Amino acid sequence: MLLKIVSFIASILLLFISSTTLPAESDVLVEELVNLSENRTADEINGANGTKFYIQRPKADKLNEVNAADFGLSEENEDNFAAFQSALNYCSQHPQTKLVIDKGTYYFRSTNGLDANNCTDLLIEGNDATFVFSSTDYRFFIRNSDCVEIRNLNIDWNWKESPLASVVTVQNSNADTNTLDLVFKDAEYCDENCRLMAITQCDPETYTFGAKYSSKEVYLYQDETNIKSFQKISDNTLRVTHNGCMNGFEDGETYILRHYVYNGTVFNLRDYSKNITFDNVSIYGSPGMAYICEGNSSHFQIINSFIGVNPEHKDKRCVSLTADAIHIVNTNGCFNISDCDISGMGDDCINVHDGLGYVSAVNGNTLTLIASAMRLEAGDTLGFKNDKFENTDLTAKVVSVKNLDWITKEVVVEGLPETLSVGWTAYNTECNSGNYVIRNNYFHENRARGLLLQSSNGLCENNRFYKTMAQAIKVVMDIEPTLWQEGTGVDNLIIRNNTFEKCNYSDWGAVIEIGTNIAGRSAETAVFTNIEISSNSFKDIPSTLMRTDNINGLVFSENTVDTGDFFDNSSVQGSLWFGEYCSNVKYTDNIFVNSGFMQNKEIAKSDSIRVWAEINSQL
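To convert, count from 1 in the sequence shown and add 551; that's this note's numbering.
Be a bit skeptical, because a hint or two may be false.
[Claimed, not checked] In silico SDA-like links for lysine to any residue, alpha-carbon gap of 20 Å or less: (1) K736 - Q644; (2) K736 - T720; (3) K1090 - N1068; (4) K825 - E1012; (5) K825 - N1068; (6) K825 - T959; (7) K783 - D830; (8) K779 - K736; (9) K867 - P755; (10) K613 - K948; (11) K783 - P755; (12) K763 - K779; (13) K783 - K825; (14) K1090 - T959; (15) K825 - V973.
Since the hints were made in silico from the structure, they are not lab data.
Just so we're clear, the structure is a prediction, and the values are computed from it rather than from any experiment.
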């Protein structure tokens, strides 16, 4: 009876509240392919709401072929950096080149990064060759280039010299003395000189990130006082003395101990590069990320590729990468990630965003910005959002930029708005990492999120998400002043025909989460507009299915939800939460299996937290 009364009251309230106006959809990008060179072909990419763009690729039969061996690349070399860099230099000076690598294993030890700079119409044919790297300073840069394709190449890390991570079990944990023993699964990785950078609870049976319902971890490197000392007390055991940060760890629990975190990247796309393709590229190891795409690059794709633990070494390796798989930031968008298998990394599968600057001080025409990932240079135009994160339509021209430290920028501008104050956020109007397709991929068994989507005009369809430690998909605008400042808001995002199984394994939040964080508080407006979540299948849900805030225009329809019996049947299992600044919600034609939660209930164009009241009263 009480529930019926609550439902009735909520319905009456809805009648008296005028519906928030639906947001207008952004202009749809529809590119035309004109004046295509005879040396190129093009892949047509069709995205959300009629979006269309092209990614050009070199035609192999139109290129002049050279062999990397002619420049000295050899399996016999201890370090192939100089040889392969010579080959890349040749390609830079000779457009329309096919660079062939003979199948084999090639070692790289140099602290320098390979640099494909100013290349045009370049095809690198790997022929299933493997590059093995040993230096944390390694990067394969692609800069100032147009129409470059790398295909059929494997990248690995030299685990024999320096393992990326180890599986350990906790023993003799003592909160009184702040000590514990880490017992290594593989004794050869137990070294009193090893790096203790981050430790995360894992599945004790599969040795993959995340324990059921539990997400204990410590990023040890973030505080130098975390570890007081450690010593090797047996062939496979390190005794650790800490500052109390690991007192929550219990005997018998299993963890992945990372020896690196953000210590290198395989491919780094930057400096206005465009029409870049990675096809059938396998990345088995990196002390950091696999891909960073930045520097206003655009029209790039990763297809038919693999990021994960080397299948030949699954018995000894527990991670593929120690950080994100694909990190896309401050680009000009138009990218495609399709038909890939991505797993085993120490952070998100894909993170898409543009950097923000949190205004910490204003002095005349000089701004102090907390902006760890913001691309900014003289001549750029800053846009501004107020302390509620509302658009202001105010801008200022950048005169100069000075980096005070790794996270703080001193920016001199002209035309500074008089109303600007501390707590506002700034963004570079020259960057837009939107217009993208993420299709037919398999994301699984990684720490943190599957997809962290913070840019507009995206299509996420026909993907499989399995056992992500945290949210399968998180749509967010996120400002942690001392760590990261990401995302200017999301407009027009379609999430459809995907499967989600055992996602949010460690119960970080919800399987799909939409919300904001501005230095510990939520935005006081709708930051996200026009998001559709439709025709997806959800199975084995640990707790909340979806949590949303700060959105105007949300469709949740024709989804099938099976809470399953893998997790305990809690009162919130499979639930949907609609919170503050959440309006114009359409909920219809969803099917719940093994749960009566909101079965056959429909909500259309509802407002604010009254949506929460109406839907949750159906329980």
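What hint numbers does the structure not satisfy?
1, 3, 4, 5, 6, 7, 8, 10, 11, 12, 13, 14, 15
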